[in-house]
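Chains as they are written, first to last, in this note's numbering: chain R, 1 to 838; chain A, 1 to 352.
It is worth saying that the hints were derived from the structure and are not from the lab. Glycine residues also receive a C-beta, built at the ideal position from the N, C-alpha and C atoms. Among these hints, one or two may not hold up.
[What the hints assert, rightly or not] Covered by chain A, according to a simulated footprint, are these stretches of chain R (three or more residues, beta-carbon under 8 Å):
hint, stretch
1, 518-528
2, 546-556
3, 604-616
[What the hints assert, rightly or not] Computed cross-link-like contacts, BS3-like style, restricted to lysine-lysine with a CA-CA straight-line distance of at most 27 Å:
hint, chain 1, residue 1, chain 2, residue 2
4, R, Lys223, R, Lys466
5, A, Lys288, R, Lys2
6, A, Lys282, R, Lys37
7, R, Lys482, A, Lys314
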Amino acid sequence: MKVPLSWLKDYIDLDGYTVEDLARMLTLAGLEVDEIKYAGLPMPTYEDGGRHEFKTSGIGWDRDKIVVAEIREVNPHPNADKLTLLDLFDGEKEQVVLTGAPNIFDLKGTGKLPNPLKVAYAKEGSTIYDGHADGLVLTTLKRAKIRGVESYSMVASEKELGISEEHEGIILLDDDAPVGMPLVEYMGDAVLSIDILPNMARNASVIGVARELAALTGRELRKPIIDYKAEGESVEKLVSIEISDPELNPRFVLGLVRDVEIKPSPYKIQRRLRLAGIRPISNVVDATNYAMLDQGEPLHAFDYDVLKERAGRKNIKISTRAAKDGEKIKTLDGVDRKLTSSNVLVLDEKGSLSLAGVMGGLETEVTDKTKNILLEGAAWNFINIRKTAKQHNLPSEASFRFSRGVHPSLAETGVKRGLQLMAEWSSGKVAPGLVDEYPLQPKDSVVEVTTKDVKRLLGIDLTVEKISELLTHLEFKCETTKVGLRVIAPPHRLDISEGVVGLADVLEEVARSYGFDNIPETRMADTLPPQIGNPVHEWEERVRDLLVSLGLQEIVSYRMTSSERESRVVSHDEYVVLANPIAPERSVMRRSLLASALESIEKNSRAESISLFELGPVFEPVKNALPNEPRKLVLVMTGLRQSLSWDVGDSPNFDFYDMKGRIELLLSGLRYTDVIYIPTDSRPFLHPGKAAEIIVDDKIVGVFGELHPLVRDKYEVGDAPILAAEFDLDVLRSVSPTYGIKAVADVPPILEDIAVILDEAVPASKVEALIRQTGGKVLTAVKLFDVYRDEKIGAGKKSLAYNLTYQSDKTMTDADAAAIRKKIVKRLEHEVGAKLRS
Amino acid sequence: MLDKLNEIEKTALESLEAINDQAALEAWRVANVGRSSPLMGIFSGLGKLSKEEKPVVGQAANRVRVALESALEERAQAVKNAALAKSLEEEQLDVTLPGRRVQLGRLHPSTQQLRRVMAILADMGFQVYTSREVETDEMNFQMLNFPPNHPARDMQDTFFVDAGERGDNPILLRTHTSPGQIHAMREYAATNPDNPPPIRIALPGMCFRYEQITARSEIQFNQVEGLVVGENITFADLKGTLVDFAHRMFGQDARTRFRASYFPFTEPSAEMDVECFVCRGKGCSVCKNSGWLEILGCGMVHPVVLQNGGYDPKRYSGYAWGMGPERQLMLRYKIDDIRYFWGNDLRFLEQF
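So that you can see chain R by itself, here it is in the shape it has in the complex (with noise of 0.2 Å):
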């Protein structure tokens, strides 16, 4: 909401404060200046090297060479058609100023006018906007000739001012206004836009600005006087009104104004809806629009002779209702617009007249002709109006104050309010009373506040009257009682519950006005709570830790993709899928980390090597219920095994084992010892020769291997095979194995090579298997260090050799290791047919 700072003047007295002082209190008091616009007030100046606290655009007017000025008479130019050239007075002397204004062209030549025309006036030297440029540019008006006349000044557009975008024409000042006075003591403004909060709907106005700085500064809140005088029948004999659900319309207020007078309204007022960013219409819409901002009611204005006419010259009876699926209505935008039970409708007897709080119908608008006006002013469910104006997508000045709740009293001060500006601009007449239907009268709550709630909440100790005098600031009443305070809340706010809510709002407010920075620092003097910690988080903390050691760089990717992109590795027939997606591709919650990460490799295809993992949840669809989340881990490897360098001219590529070791790397810094690689092809993703399932206690952890050719060619990525592993992180963690250290043995321990020659059938993990079992106890370590095939060995066959490890409590000699080594030749012969390579 754009505040100008005038207009919050009219309310409560400013002096000694800053423009930047003002944004700053509000901002701390929730109400957040999001810029400041100077438009003439002077900018703060800054040292070198300071900038503005607050986004600062606008210009401020020179004392000077900004004046008010009057146009005594409008000559034509010698040599320009469509300029003119102005006598003007601008307090002191006589100039003459050229301009090619519209709307004083009409006066060419008219000779000196009865009126003088007020306007601003720009000297030589002034810093004004170009009003011709795009955008907004400064420029310093200097002396030169244009078509044979000198100019050296100018009157002033409000472009040029920094007041608004317009440039059509100059701006025409009210009568009053003082000729020779500086135009910043005349109509110097800032203006503040403020993020209304969704809890401070009652700050969307200016009386609501200016009473929130009335409880920051402790002034006083001087609101304005509604009155005005009323002649001629009364309305109440004309209008009647029938509200079919007062949950949806709790109140309908109508006034009726005869005899207005169409035509714009004073430049004060126009400047300042400009300002606020309302584009002035006439008199009459402004006063609507005016009324609407200056007390935060919006206000709908009805051309009374048409309703009249619809009814037949007879009573007009209004009503409003839910409207019927399916039903018409066509708006003010011109826009036929089909509604649902959750639009409201204010109707006729003929039929509807606007989609309530929103937008008002077209035939019964207000127009140039129109000579009496038939003012409304209601109050509606905010959930309705939200719903209607996001089903229309009707964003409005209304509708943003309907949709947070606007308080039913606030419908009369508005309808009053805007009667009082309508009489006053536009010399209608105000017609007694008003048409009031107010079925649903919310009640004041009251909340009962003592000083240790105060303290017990907000850790600060305050009196009873202090508590009392910063809540009187934001009128509420509050009446002193034995325990402390009845606190009575002011029937503009509907944000106020009762009861134990009741106290937090209150003590919201409590803390506001108080300020937040004013409330001390303290450290926590509770009871500790029971130790609990996450073992969860923490192992996978662990995994993530071990993956990083091994050289592997953690990746986290999108949740949301598409079942076409998960397909190009592994296809699933159920996801969970979004009612909104923002495009195709992110339109599921992903099944598989694996995809991802080779999209992440795929990104990535120009890095000579790429190790990467992502540990996260994937999601599985349950019918009718929350999905599943189980934890997935991937890693992907693919690339050189070494980086090349100045040393190092070639290197072959991360294969199976390089992953292999990688994952036995892992979870043995997870603390498994007994895991098994059992060959696989039911992965169709993976190479059916090059895939392993990875099992710890008869479950399957996971599994990994080389990705399938034909799966790797569906990504763009180089040729070196890709290798990838996932496991399921619950399944893992469920079979965690106890844990203890062994202790270091003194005696030295027997080493011993083996070799042994066998068929190519048989898995390597098998013979070491044996060589264990046989070798007990004391065969303290097994390691493969050679595979070697040849023709000498035989077609079909390999030769395995093991360093063989030896340890005891007590010193072996070689002879027990002599027995224990045939004893293990001997059950590999037995078993697998293997021959002691010699």
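Fit chain A to the given chain R structure using the hints.
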């Protein structure tokens, strides 16, 4: 005989002088003190000498042998020293050539920042609490005092899951980690419903908002929330805790301020700003000239939320706050495009 010995000694010592390498030394040793050297010949001929000559020649031969051997040792050391000096002089590397590297693994920057945050909070007594990412409207909004159609929902544009007609309780992607507040409170309260224990937890995790993906807005982001509930918890405690946190996170002299704000699940609500650590409050592009950086939103837990968690708001109070590790990183490292975080470009990730 003695002359001969003197001659042997003299010749040997002279020839030793000229020797500069290991091989020549060895040859000299064989020639002069080896088994078949003339000196050894004298030893082996001792038996043939007379009783009187024997001890005299023997002693002299021994002296010569000791002299030669020690001269050899001395010379050997000298040769070694010379060789070492030479090698030290000659063997010079280009120390500016790159070293041989192994692959360095790294955590994702968000994980790193989450850990920084969690480590500070752990020191302050906050335990980690994690919960699911897909939630119900009830847990994500209603229990947190966002009724259906509440205007505050506009602040959190939501991704909904296509899950059939569920009325006012659709399934959605959590827009904040705050549903964890309810889960946690209920878990703690269940351990002792009449006297629920105090809570101090940090809730990290991925959250989602319906946004267009641009340099400034993302559809997913991490959040860390803190939640404290107890019988003596005040707004002053909230301020103290968060100021302490800011000092650990941004430096002991980091200035902070609290601005009133609005969140449905806290009241009073505030936002904490930290003095811009780029310009020290003078105004710069990072803080958009305000001198302050918005770091977190916070407030006293709303009575309705306490109630929904199983804590009686008349007896218990609490505070909560939420902050974004990616935002903190963006401010800290002047990252101007939030899309880097989930882009998984190694050229970005490897800078952390």
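Hint-by-hint comparison with the structure:
1. 518-528: holds (count 10)
2. 546-556: holds (count 10)
3. 604-616: Our answer is that it holds, as 7 residues pass the Cβ test (under 8 Å) against chain A, meeting three.
4. R/Lys223 to R/Lys466: Given pair lysine 223 of chain R, lysine 466 of chain R holds - Cα atoms ~24 Å apart, limit 27 Å.
5. A/Lys288 to R/Lys2: holds (20 Å)
6. A/Lys282 to R/Lys37: Holds: lysine 282 of chain A and lysine 37 of chain R sit about 20 Å apart, inside 27 Å.
7. R/Lys482 to A/Lys314: The given pair, whose Cα atoms are some 20 Å apart, holds under the 27 Å limit.
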